[in-house]
Amino acid sequence: EMAVPKNVLRHAACVPVYSILENQTIYNGNEACFLISGKCFRNEADNVFELARLNEFYMKEYVFAGSPEYCNDSIENAKNLWRYWTDVFGLRCKTDTANDSFFASNYKKLKLFQILGDSKQEFKIQLPSSDTYVACSSANHHRTHFSKPYNIKGEDGAYCYTACFAFGVERLSYTLLSQKGLDVSKWDKATVDEMKKYVNLDEFIQEA
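So for the sequence shown, this note's numbering puts the first residue at 1; every next one is plus one.
Wrong hints could be hidden among the right ones.
To be verified - Listed next, the in silico DMTMM-like pairs over lysine to aspartate or glutamate satisfying Cα-Cα at most 25 Å (straight line): (1) K180 with D96; (2) K180 with D131; (3) K180 with D202.
Bear in mind the hints are in silico, worked out from the structure with no lab data behind them.
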């Protein structure tokens, strides 16, 4: 019989949030919003062959808890941020309805409901070298999956909804560089101007 582990590797950055909110009441107008950053771990087995697939990677997530309307609106705002970046950077990308392993028990049944209910969307960017698309972000509607076991309720006494929007930092960087190239001096002006809001590009720009 396997012993109960004292420590585990987290597979998603949002996981610690629900224990923080345990037994709390989320009031309308004072909903919970977290920005979480940290390392996550997945067993990619033989799929680990480039930066698109890693066993250990860095993730940033917006996590929302409140009414269904609040969670839906917050996810839409996060999607708008994704759309803004992909438009400014001119990235070739697509969106797919997907499923994941949040629902480990009764997985096959809940996987179907997750797909039919559009509970998870993956935002993918193309890798030009292989003409494949890599999931770099995802929108996840948990509904009451986490609020029930952690007893997180709204002011009406019902279990509140939770949702998260995740960004895979290594994948975003890898796919951006795969499409734009490593020579920053050859990037288009829109990409350079946007990137300068976040990082100092001067040391990466090669002299003509």
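Check your understanding: If you check each hint against the structure, which ones fail?
Key -> none
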